[in-house]
Amino acid sequence: MENRSPSRIITKSFRNSLSGQKNPTKENDTKCSPSLSLKFIKKHNQGNSPILTDISPSIPIPLSRNSLTPRLPLGNADKKVHNLSAPKVFKLIATKDNKSSSGYNTTRNLVENPIGIKDYEFIQVLGQGMFSVVHKAICLKSGTIVAIKSYDKTKCKIHAQHINIKQEIEIIQKTSHENLIRYIDSFETEKDIYIVVEYISGISLYSFLKKHVGTRLPEKEAKFIFEQIFSAVEYLHDNNISHGDLKLENILITSSNVVKIIDFGFSSYCDTKKKVFCGTSSYLSPEIVQMTEYFPGPSDIWALGVIFFTLLTGTYPFKASSDAELYKKIIKAHIKVPEFVSNEASRLLCRMLRSEPKSRPSIKSLIKDPWLSSDSLNEKDTKSRLSLSNSLIKDSIPTNKPNDNIAEKARTTWKAPFRFTTIEKS
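For the sequence shown, the numbering used here gives the first residue as 1, with consecutive numbering after it.
There could be a bad hint or two in this list.
Taking CB as the label site, the calculated pair distances span [as the list claims (entries may be wrong)]: (1) Ser342 <-> Gly143: 44 to 50 Å; (2) Ser374 <-> Gly143: 20 to 26 Å; (3) Leu140 <-> Lys220: 40 to 46 Å.
30 Å max Cα-Cα, derived DSSO-like pairs, lysine-lysine [what the hints assert, rightly or not]: (4) Lys358 <-> Lys274; (5) Lys328 <-> Lys358; (6) Lys174 <-> Lys118; (7) Lys166 <-> Lys364; (8) Lys220 <-> Lys273; (9) Lys118 <-> Lys136; (10) Lys358 <-> Lys336; (11) Lys364 <-> Lys336; (12) Lys368 <-> Lys336; (13) Lys157 <-> Lys174; (14) Lys368 <-> Lys273; (15) Lys118 <-> Lys141; (16) Lys319 <-> Lys273; (17) Lys136 <-> Lys191; (18) Lys155 <-> Lys273; (19) Lys275 <-> Lys364.
Because the hints were derived from the structure by calculation, they are not lab data.
Remember, it's a predicted structure, so these values are computed and weren't measured experimentally.
Each residue gets a CB set at the ideal place from its N, CA and C atoms; glycine is no exception.
Given only the sequences and the hints, what does the whole structure look like? Please build it.
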């Protein structure tokens, strides 16, 4: 494949889809790294089968914990620096003003005997893409299992991706929340940039949902999961951070029923406007599809609405046989809600999936919604229900086939009566 800027590839695909031309993107172009979050547009199937399609594989990166804890203030995650006899490497510290000799907006601090790449042993490849590779690894001194994302500097410079890497590091090293991937360390050599994060033994919410009976969750189970997702997004927005690529594939669930949001490759600041066509097609908001300048926070709310709809129904709210038709449906924001979804949940969906960004509620307002704030959820009962699915999680954790990340397409014959709910533009 010729060297082209990913943003140009995506924009060209988008432009061709609107004009009715066949998407010229090669098949290999769709095999983009889920760790870097460069998602190319993939056409959706119509009809009853499949109702869920793989947009991109998800990588199990974070480390499970046994219980939920209160949100923590922003700050660097605690790191142990061992006095090792290792070659000198440059410690990667993201800043806004300094520029390193390698061309990256970072400060390169020469540290004597830091932890470097030679202090880790790679165990297996978890995922691979155009610019990065994610490995499961072990720290030789501490014995800690981690995940290491490595970026090839040369490839990143050619495709102008170093700014995204810098911002990814800058944001992820500030965060500390039970339901977010935990940053451990980052450093660079002359050829590569490395981001070390915790490793999670679990599966994506996408895979979990596919294996669930009926490919959808009862509202009590969906609420238990969604409360954790909301808690993490509330924390991010409270600290002026937008995730930028919320979707089922970027949300992991552990055997302890703890939800973890991963992949900050498209993250940005809520108060900074963007005009970038990026993300995963089924989760794109109207403002992204229309390629208008937008604040990223409301786009996170839209993506949460898509996730919520999919958890409750087992299918995406907007489906079409072509990209152009899909984008038209997204812009109109007309959704069909099955009758089995409660009125309270339906109203919450309608609030999140409003076409106009300014008319969508903030995350703080959503948390006060009656469906989430009600006491109808019996946590003990929900944990008991979810525990029945733990075997699905354990059986799905990759062992001997670490590269087999693309799940088989889900198929179902489920049909349900729909009521048509129209969300008008404000």
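Now for the hints, and whether the structure bears them out:
1. For Ser342 paired with Gly143, a C-beta distance near 48 Å keeps the hint of 44 to 50 Å intact.
2. Remark: the range hint 20 to 26 Å for Ser374 to Gly143 is contradicted by a beta-carbon distance near 45 Å.
3. Between Leu140 and Lys220 the beta carbon distance is about 45 Å. The supplied range of 40 to 46 Å therefore holds.
4. Taken as a hint, the Lys358 and Lys274 pair is honoured in the structure, with Cα atoms around 15 Å apart against an allowance of 30 Å.
5. Annotation: proposed proximity of Lys328 to Lys358 holds, straight-line Cα distance about 20 Å (limit 30 Å).
6. Pair hint Lys174 plus Lys118 holds up; C-alpha atoms about 26 Å apart against a cutoff of 30 Å.
7. Proposed proximity of Lys166 and Lys364 is supported: the alpha carbons are some 29 Å apart, at most 30 Å.
8. Proximity of Lys220 to Lys273 is assessed by CA-CA distance (about 36 Å); at most 30 Å being required, the pair is judged violated.
9. A C-alpha spacing of about 14 Å is found between Lys118 and Lys136, which places the hinted pair at or below 30 Å, so the restraint holds.
10. A hinted pair counts as satisfied when its Cα atoms are at most 30 Å apart, and Lys358 with Lys336 qualifies at roughly 22 Å.
11. With a C-alpha separation of about 26 Å, the suggested pairing of Lys364 with Lys336 holds against the 30 Å cut-off.
12. Between Lys368 and Lys336 the alpha-carbon distance is near 24 Å, which keeps this suggested pair within the 30 Å criterion.
13. About 25 Å separates the Cα atoms of Lys157 and Lys174, which keeps this hinted pair within 30 Å; it holds.
14. Our distance criterion of 30 Å between C-alpha atoms is met by Lys368 and Lys273, whose separation comes to about 27 Å.
15. The hinted pair formed by Lys118 and Lys141 meets the criterion: a straight-line CA distance of about 11 Å does not exceed 30 Å.
16. Between Lys319 and Lys273 the CA atoms are separated by roughly 28 Å; this keeps the pair inside 30 Å, and the hint holds.
17. Among the hinted pairs, Lys136 with Lys191 is consistent with the structure: their alpha-carbon atoms are about 20 Å apart, no more than 30 Å.
18. Distance restraint check for Lys155 and Lys273: the Cα-Cα separation of roughly 27 Å lies within the 30 Å cut-off, and the hinted pair is therefore satisfied.
19. With a C-alpha separation of about 25 Å, the suggested pairing of Lys275 with Lys364 holds against the 30 Å cut-off.
The structure fails to meet hints 2, 8 from the earlier list, while all remaining hints are met.
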